[in-house]
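Start from chain F and add chain C according to the hints.
Residue numbers (this note's numbering), protein chains in the order written: chain F, 869 to 1169; chain C, 869 to 1169.
There is no bait here: all hints are sound.
It does not matter which identical chain is meant; a pair holds if it fits inside one copy or across any two.
Restricting the straight-line Cα-Cα distance to at most 27 Å, the calculated cross-link-like pairs of lysine-lysine (DSS-like) are:
| no. | residue 1 | residue 2 |
| --- | --- | --- |
| 1 | K1071 | K1007 |
| 2 | K1111 | K966 |
| 3 | K988 | K966 |
| 4 | K1126 | K1111 |
| 5 | K959 | K988 |
| 6 | K1045 | K895 |
| 7 | K1002 | K1126 |
Everything labelled a hint here was simulated from the structure, so no lab data went into it.
There are 2 protein chains.
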Amino acid sequence: MKLTILGCYAATPRTLTNPTSQVLEIKNRLFLIDCGEGTQVQLRKNKIKFSKINQIFISHLHGDHFFGLIGLISTFSLLNRNNDLHIYGPKGIKEIIKLQLRLSNSWPNFGLHFHELENKESEVIYEDDKVLVKTIPLKHRVYTNGFLFQEKVEERKLNIAAVQEYEIERCYYQNIKNGKDIYLEDGTLIPNEELTFDPEKPKSYAFCSDTSYNETMLPIIENADVLYHEATFLQSEENLASKTMHSTAIEAATIAQKAQVKQLILGHYSTRYDSIDLFKQEAETVFSNVLLADDELTFDL
Amino acid sequence: MKLTILGCYAATPRTLTNPTSQVLEIKNRLFLIDCGEGTQVQLRKNKIKFSKINQIFISHLHGDHFFGLIGLISTFSLLNRNNDLHIYGPKGIKEIIKLQLRLSNSWPNFGLHFHELENKESEVIYEDDKVLVKTIPLKHRVYTNGFLFQEKVEERKLNIAAVQEYEIERCYYQNIKNGKDIYLEDGTLIPNEELTFDPEKPKSYAFCSDTSYNETMLPIIENADVLYHEATFLQSEENLASKTMHSTAIEAATIAQKAQVKQLILGHYSTRYDSIDLFKQEAETVFSNVLLADDELTFDL
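Bound conformation, chain F alone (with noise of 0.2 Å):
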């Protein structure tokens, strides 16, 4: 899982910072979360291939996570994009996008779906045979979700030396990765831990920005393997985080704290701080894995 960070910076992009957009790697899928305006161009800085993102996920209408969302599709409409492009957002999202490609006369050839989210629950949206994507509905101004991205249990890997000691037919493996047991020809029984390692455990990703302290989402989030938590603010501004329905880096922490998940990543800071160190120094009062976002910054997960 490899997380690429486009932008994350809250409200306005600026000459060296950029609004909120990342690229999830995922076995080996692109998917796009958030897409503030330049995000293109970061696509390109970051030589990330436009043509192998198929999923984009808009976490809420506010313009920092999706002004950039026509130009991309444009753009993709442009270079003459073939595979279909789905579009995971709120309702209103596909009469924004629509609405400027009939005006522009502008209207793409490949297939543009859009998947609108209305609801206030947590709903799998997305789900193929590697990967499942969750909301995360999130309390901000306007409609919101965050995105939990998870990869599916992988079957049980084949212990070769085993399966050929026993000499087992090749028409058995599938059964066997599957976690079956195995009768040999003389009905001798051979339990499904002798002939498979563990497959990897699966990994999460939980994208929550924007959000207000919100413990609703402890149980979606539990025990996943990063969070990505927005930090709009330090603790001196606290006041202004709850007015405007933002988190502070200690309550990012904290939720990260109560969740038990493994590692804090925190963004979408306010352009009003000239250093970023203070959230990580402040966050780790209460969770000691923490991570600072920043743009063109890479992780490894």
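Quick look at chain C alone, frame taken from chain F:
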């Protein structure tokens, strides 16, 4: 008159080039012309004060000319702008912006006024005591206008030495500046030209992008001091220019020559070319005074 190019490349923003946007400073007013994605960052880079921009002119609803507008308006709002903002652009621009502001629940506190254009004939769309702006109907794949910015003729300049010599009272100064002759108390007529100097010659700037070769604009832009004309393609891609309703460098230069403008600035280069030098070379075969726009270049006109 000062022109700052924020972006002058066609189609998509890239790591080092930006889509169309420029700032025309004229008589201490800043007019923003077109607003591709990333314009707000380009304004910051070029240290242009956001609060001085009160009029934005959008040529047409292709993304590389307006996708940055919603972000710029939102940023104005976040920065607690007070001044009214006037947007001049094709019918539809209001719906696009209003929909996004409504869905993001972030209607600005400043006055946001839309002046939607549908007229296929040139019309005056802005006028104050110093400047007048007219549309230049262009021929493109969607409804498109260029814009002619004209300084108004100023009042005549008082010849202080002369009015003092004739002991003319101050209360007559405005009449003299307005071009009136004056009778002294003894009945002597002093013709205006003895009391005044000619004002500076009013300048004009014509912005024409995007358009195919289009002679119907000639009477509108005739004798303009500066013409910015799109030149998306070189002569080798002439067919592509005609197919996509864009112009070649030679076509832009032919318009400049037929309209007898003083200076031609080329821009809106297709991103297929590694160097833009050939645009100047080709244009100069037809018209001698050619400049090449480039991002972050400023022209003192």
